[in-house]
Amino acid sequence: MSEIPGDLKFLKSHEWARVEDDGLVRVGISDHAQSQLGDLVYVELPEVGSDVKAGTGAAVVESVKAASDIYSPISGEIVEINETLSDKPETINEDAYGDGWIFLVRPSDRAELDELLDANEYEELVENEDH
Amino acid sequence: MTDKTVLNATHRSLGARMVDFGGWDMPINYGSQIEEHHAVRRDAGMFDVSHMTVIDLQGARTREFLRHLLANSVDKLKVTGKALYSCMLNERGGVIDDLIVYFFDEAHFRLVVNAATRAKDIAWLEQQAKAFEVEVKERPEFAMIAVQGPNARAKVLGLLNENDRPRIEKLGKFSSAAAQGPHGMPLFIARTGYTGEDGFEIIVPTEHAVALWEALAAAGVAPAGLGARDTLRLEAGMNLYGQDMDEDVLPWEANLAWTISLDEGRNFIGRAALELQKAAGVPRVMVGMVLDDKGVLRHGQKVLTANGEGEILSGSFSPTLNKAVAFARIPAGAPGDVRVDIRGREVPVRLVKYPFVRDGKPCEGI
Chain A
392 MSEIPGDLKF
402 LKSHEWARVE
412 DDGLVRVGIS
422 DHAQSQLGDL
432 VYVELPEVGS
442 DVKAGTGAAV
452 VESVKAASDI
462 YSPISGEIVE
472 INETLSDKPE
482 TINEDAYGDG
492 WIFLVRPSDR
502 AELDELLDAN
512 EYEELVENED
522 H
Chain B
19 MTDKTVLNAT
29 HRSLGARMVD
39 FGGWDMPINY
49 GSQIEEHHAV
59 RRDAGMFDVS
69 HMTVIDLQGA
79 RTREFLRHLL
89 ANSVDKLKVT
99 GKALYSCMLN
109 ERGGVIDDLI
119 VYFFDEAHFR
129 LVVNAATRAK
139 DIAWLEQQAK
149 AFEVEVKERP
159 EFAMIAVQGP
169 NARAKVLGLL
179 NENDRPRIEK
189 LGKFSSAAAQ
199 GPHGMPLFIA
209 RTGYTGEDGF
219 EIIVPTEHAV
229 ALWEALAAAG
239 VAPAGLGARD
249 TLRLEAGMNL
259 YGQDMDEDVL
269 PWEANLAWTI
279 SLDEGRNFIG
289 RAALELQKAA
299 GVPRVMVGMV
309 LDDKGVLRHG
319 QKVLTANGEG
329 EILSGSFSPT
339 LNKAVAFARI
349 PAGAPGDVRV
359 DIRGREVPVR
369 LVKYPFVRDG
379 KPCEGI
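Top line first, the protein sequences correspond to chains A and B.
The first sequence begins at 392 in the working numbering and counts up one residue at a time.
The second sequence begins at 19 in the working numbering and counts up one residue at a time.
Hints listed in this document are in silico derivations from the structure and should not be mistaken for laboratory results.
Nothing here was measured: the structure is a model prediction, and the numbers come from that model.
We put the beta carbon where it would ideally sit given N, CA and C, even for glycine.
Where hints are given, some of them may not hold.
Stated by the list, open to error - Distance condition first, Cα-Cα at most 25 Å in a straight line; then the derived PhoX-like pairs of lysine-lysine:
#1 A:Lys479 to B:Lys148
#2 B:Lys100 to B:Lys188
#3 B:Lys371 to B:Lys320
#4 B:Lys341 to B:Lys320
#5 B:Lys341 to A:Lys479
#6 B:Lys188 to B:Lys96
#7 B:Lys312 to B:Lys296
#8 B:Lys320 to B:Lys191
#9 A:Lys479 to B:Lys379
What the hints assert, rightly or not - Restraint ranges, calculated between C-beta atoms of paired labels, are given here:
#10 B:Gly362 to A:Asn519: 32 to 38 Å
#11 B:Arg368 to A:Ala458: 33 to 39 Å
#12 A:Lys403 to B:Trp276: 46 to 52 Å
#13 A:Asp505 to B:His317: 39 to 45 Å
As the list claims (entries may be wrong) - Heads up, incomplete: computed chain A residues facing chain B, CB under 8 Å, no partners named:
#14 Arg409
#15 Leu436
#16 Pro437
#17 Glu438
#18 Glu453
#19 Val455
#20 Ala458
#21 Tyr462
Taking the hints into account, I'd like the entire structure generated from these sequences.
This is the structure we're talking about:
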């Protein structure tokens, strides 16, 4: 398993959030999540300009095995989506914390970030899950 | 309590993702299910299928017993080693299980049945066998490895005792024979499979299973998990028990008519119910479908037709076709434009004749 980048915050449901320099929040799923799901074959992306609410479904990823809702870690407006995933959903398998990001949010309430797990807490969660 | 096959530690040392499969701790993949799928379509892959149940039937009246028990006719089995696919039905014509029966001699046949149905199968067999004085003997001392793919047979042949090679090389489809494997280990080799590719299914004493697996790996056979096995068999148009048929489904409704033998004067269990439904008209049919749009067809999704609703049975992304395919059971009659409800979205699908893939290539019209 690859190292969890220290600047990420997590939902218990395995989505990550990264605050960019411009204050926008990039969202993806963890490397642990992609390895649990297996080969991804389809990603249903949200629409740019739509609103998302923290803790509710914003996208869907489908692996050979199953479909999974992707919850947004933060409320706000979708300002960009990762179009690459339409043709190459496997990018998430290959680089979950980098090129495999899913959408970018302009947050409406940055305080929600404080509710998320930090990298250490998330690592602990994953370790406990494995036992 | 989860059962483990003798290859469990081998799977774990290969980094397999293990899942519970019908009470067995089995590898779903060893990294990438899609790569394992392609390995079988393009070269050779191997599956640990030791969770499946091997049962020997012995007694002078075994053939007579199987004529009564099975919906396909064991009278097609005339040559030692020949195998037959059949359903075992209840009195209502519902499918208790699907299985392969091997003929050794008049007093000895072998069944290979599913893992998840083991207990009920054995109970049913014992109940039915009494009247025929046939002994039902489970053989847990065997493991089973399926080696499948265009190069599978050649790779297995290379591991056999030289004296056995020409005989096993000539083995016809759905035939089996004994042979000596690496270090002289005794193997039972059948030219059968569940992938739509050529290959062998090999029954081996558990104490030799790890050595056989390692010899196959050294010969370039890629380990493949049950995930790939599922997408391979779906592409090949093969039913999965519990998903595509069960005790409440008659073979007519599961595209299994080809396995039903209504031969003169053979009164097998379920026959009356089958004939009754056939005469009355079969209410539901099983069809193949392809989703040309993006998305994945999955078990349980609702199918909308001109004659009412149906349901997806087996559905998955097909790695060979790079789109989703499925079996569905829908009301009989011209279905009109068919749509599938994927999480509230009605998506048009194309009904097709399957198999979807055979011998490595998409079938015509898919």
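Now the hints, each set against the structure:
| no. | hint | in the structure |
| --- | --- | --- |
| 1 | A:Lys479 to B:Lys148 | violated (59 Å) |
| 2 | B:Lys100 to B:Lys188 | holds (13 Å) |
| 3 | B:Lys371 to B:Lys320 | holds (20 Å) |
| 4 | B:Lys341 to B:Lys320 | holds (19 Å) |
| 5 | B:Lys341 to A:Lys479 | holds (13 Å) |
| 6 | B:Lys188 to B:Lys96 | holds (18 Å) |
| 7 | B:Lys312 to B:Lys296 | violated (38 Å) |
| 8 | B:Lys320 to B:Lys191 | violated (37 Å) |
| 9 | A:Lys479 to B:Lys379 | holds (23 Å) |
| 10 | B:Gly362 to A:Asn519: 32 to 38 Å | holds (34 Å) |
| 11 | B:Arg368 to A:Ala458: 33 to 39 Å | violated (21 Å) |
| 12 | A:Lys403 to B:Trp276: 46 to 52 Å | holds (50 Å) |
| 13 | A:Asp505 to B:His317: 39 to 45 Å | holds (40 Å) |
| 14 | Arg409 | violated (27 Å) |
| 15 | Leu436 | violated (11 Å) |
| 16 | Pro437 | violated (14 Å) |
| 17 | Glu438 | violated (14 Å) |
| 18 | Glu453 | holds (5 Å) |
| 19 | Val455 | holds (5 Å) |
| 20 | Ala458 | holds (7 Å) |
| 21 | Tyr462 | violated (15 Å) |
Against the hints set out earlier in the document, violations occur for numbers 1, 7, 8, 11, 14, 15, 16, 17, 21.
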